[in-house]
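Engineer: Here are the chains, one letter per residue:
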Amino acid sequence: MSLTDDRRTTGDGADLGAADDPELVHEAPAPAPPPPAWRRVAAVALPPFVLGVGILAFWYFISYGILEERRRFLLRPPHQVIDKGFLDWDAFSTILGGLWSSTKVALMGLSIAIAIGMFLAIIMSQARMAERAIFPYMVTLQAIPILAIVPLISFWFGTGQTSRVVVCVIIALFPIIVNTLFGLQSAERGAHDLFTLHHANRLTRLRKLMFPAALPAIFAGLRISAGLSVIGAVVGDFFFGRGEVGIGQLLRRYANRLEGEELLAAVIMTSALGVVVFWTFGLLQTLVIGKWHEPGSGGR
Amino acid sequence: MTTTTTGSLAFDRIGMVFPDGTEAIRSVSFTVDRGEFVTVVGPSGCGKSTLLKIASGLLDPTSGAVVVDRDRLGYVFQDATLLPWRTVRRNVELLAELHGLPAKERHRLAADAIQMVGLEGFENHYPKSLSGGMRMRCSLARTLTLSPPVFLFDEPFGAVDEITREHLNEETQRLFQAEGFAGLFITHSISEAVFLSTRVLVMSARPGVLVAEFEIPFDYPRTPDLRFEPEFAKLSGEVSHALRGGHT
Ligand SMILES: Nc1ncnc2c1ncn2[C@@H]1O[C@H](COP(=O)(O)OP(=O)(O)O)[C@@H](O)[C@H]1O
Ligand SMILES: [Mg+2]
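Protein chains in written order, with the working numbering: chain A, 1 to 300; chain B, 301 to 548.
Quick caveat, the hints were computed from the structure, so don't treat them as lab data. All C-beta atoms, glycine included, are put in the ideal place defined by N, C-alpha and C. It cannot be assumed that every hint is accurate.
What the hints assert, rightly or not - Pairwise CB distance ranges, derived in the manner of DEER restraints:
| id | chain 1 | residue 1 | chain 2 | residue 2 | range |
| --- | --- | --- | --- | --- | --- |
| 1 | A | Tyr137 | B | Asp333 | 30 to 40 Å |
| 2 | B | His488 | A | Phe135 | 39 to 49 Å |
| 3 | A | Phe135 | B | Gly345 | 32 to 42 Å |
| 4 | A | Ala127 | B | Leu358 | 15 to 25 Å |
| 5 | A | Arg207 | B | Thr322 | 33 to 43 Å |
| 6 | A | Ser111 | B | His488 | 37 to 47 Å |
| 7 | A | Pro48 | B | Lys428 | 56 to 66 Å |
| 8 | B | Gly321 | A | Phe135 | 54 to 64 Å |
| 9 | A | Gly282 | B | Lys428 | 17 to 27 Å |
| 10 | B | Leu358 | A | Arg128 | 18 to 28 Å |
Unchecked claim - Here are the simulated SDA-like pairs of lysine to any residue, each with C-alpha atoms no more than 20 Å apart in a straight line:
| id | chain 1 | residue 1 | chain 2 | residue 2 |
| --- | --- | --- | --- | --- |
| 11 | B | Lys428 | A | Glu188 |
| 12 | A | Lys291 | B | Pro384 |
| 13 | A | Lys208 | B | Ser329 |
| 14 | A | Lys104 | A | Gly290 |
| 15 | A | Lys104 | A | Ile289 |
| 16 | B | Lys428 | A | Gln161 |
| 17 | A | Lys84 | A | Ser63 |
| 18 | A | Lys291 | B | Asp371 |
| 19 | A | Lys208 | B | Pro384 |
| 20 | A | Lys208 | B | Ser344 |
| 21 | A | Lys84 | A | Ile289 |
| 22 | B | Lys428 | A | Lys84 |
| 23 | A | Lys104 | A | Ala255 |
| 24 | A | Lys208 | A | Val139 |
| 25 | B | Lys404 | B | Ser344 |
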């Protein structure tokens, strides 16, 4: 007669969803035996591997089959790129140095964008008026092509590190603001009613309801902004010549000097940086909200 | 229907007209005392939820007055409204936290409440891994930590399957006996209403007015088989008749 009866079918937490619904238990199909491990690995790894081999083959084909000797500098074959771009320590350490410099710029810009973006989003979430006032400018800022304001930035901030960081901030700001604001507004109406009933003040409501509810959206924004801040760091470095040599300047230098191997190596490393940043924030997201967040359940 | 303003919860000629002109409720008066479990049934959209929102202070009525002590008001919504980032235990602790109770007290209250609704062993689960019925129980436990003298339920079991609903009805009845609160319950289900209540009120379609009142004489604890007694069927029939418009 106790309510706990309907729980007894549940041995552990694995099929909780079915615990209250005996029919579900019967309708669940018998699980197929899992395929052997090597097949699962192969299923995931094989397609990209095959495509990779194909791309390399195509690359060789262009280098040797299409380009004559005289014009081969346009696309050096893969082994020469590895040789001169990656295995030559002088060249590779220069690339790594530039990459590190740009990474620092990107992280600095991203941190500032997060601080400003979250601050503005929180302000906007607390007062409709603030949202109405700020939002149009944010959209405008977002719509300005970054190249159009590069001259202005160098006019104001010079052509050193500061300008690079400013470019990163401008480019990374919008997704953080929009996602944080959207996230803060995503808490359920019922949960708000609950907090109202129990006389929660603004700060409590923000800390215990709106902010945790916003985390999934915030992380979605972070991933986008992190990628954008890498782009911003490279673009900024490309245009601002003074100060530390970052990857953007290297890219330009290699291109000007027709150093195809180093140029390609630098491009590949820059892409790798973008991928690593994206993965890192994905991992961070899993660590922080993976335990409770149901992907696909919207902002919550 | 009485128009007294005594009792744990008293509605005195409550009327509600929303700003858009929708008249949800018209002159509703009744009281609920401690040890009473009053259920309101009515067609959907007749103002039942509005009534509870007025009782809880989430909405102000446009006319009439409510008398109730809102200090530790219990209010269970139709959705469990659990916070997905909190485990069962931390969800159950939420209200005590909002009321500023010390950690030790919170833990004790939560442990007791979790035990009362039979969720032991699931304290560290997140809502996403709970079934609908278990979420509802977690929501009940959260409210129980307050030991509310007045307990409002807004169609709490509308979204769970029939079998779970019967279980939850027995559980609610047991809690009512143990705690002796003044209960105000909203439902679509006539059998749920008759099974749980000391009194059933029937509301008409919008604008909601009370059209009938039934005393339910069965002693507690009521067993599930009560639902198949002729007396139960007769009362259910009368409620159903009143609900359909009361034309004899
Ligand atoms: N904020 C509101 N503004 C205007 N109309 C509302 C509002 N809230 C509820 N209503 C209307 O009032 C009536 C009663 O609503 P409600 O109390 O939710 O009904 P129910 O009996 O189904 O719980 C409905 O017709 C609904 O559309
Ligand atoms: Mg309702």
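Engineer: Take the hints in turn and mark each one as holding or not.
Structural biologist: Against the structure, the hints come out as follows:
no. : hint                              : verdict
1   : Tyr137(A) / Asp333(B): 30 to 40 Å : violated, 58 Å
2   : His488(B) / Phe135(A): 39 to 49 Å : holds, 42 Å
3   : Phe135(A) / Gly345(B): 32 to 42 Å : holds, 35 Å
4   : Ala127(A) / Leu358(B): 15 to 25 Å : holds, 22 Å
5   : Arg207(A) / Thr322(B): 33 to 43 Å : holds, 36 Å
6   : Ser111(A) / His488(B): 37 to 47 Å : violated, 53 Å
7   : Pro48(A) / Lys428(B): 56 to 66 Å  : violated, 31 Å
8   : Gly321(B) / Phe135(A): 54 to 64 Å : violated, 31 Å
9   : Gly282(A) / Lys428(B): 17 to 27 Å : holds, 19 Å
10  : Leu358(B) / Arg128(A): 18 to 28 Å : holds, 20 Å
11  : Lys428(B) / Glu188(A)             : holds, 15 Å
12  : Lys291(A) / Pro384(B)             : holds, 10 Å
13  : Lys208(A) / Ser329(B)             : violated, 37 Å
14  : Lys104(A) / Gly290(A)             : violated, 28 Å
15  : Lys104(A) / Ile289(A)             : violated, 26 Å
16  : Lys428(B) / Gln161(A)             : violated, 46 Å
17  : Lys84(A) / Ser63(A)               : holds, 16 Å
18  : Lys291(A) / Asp371(B)             : violated, 34 Å
19  : Lys208(A) / Pro384(B)             : holds, 12 Å
20  : Lys208(A) / Ser344(B)             : violated, 33 Å
21  : Lys84(A) / Ile289(A)              : violated, 43 Å
22  : Lys428(B) / Lys84(A)              : violated, 53 Å
23  : Lys104(A) / Ala255(A)             : violated, 23 Å
24  : Lys208(A) / Val139(A)             : violated, 29 Å
25  : Lys404(B) / Ser344(B)             : violated, 43 Å
Consistency with the previously given hints fails for numbers 1, 6, 7, 8, 13, 14, 15, 16, 18, 20, 21, 22, 23, 24 and 25, ordered from lowest to highest.
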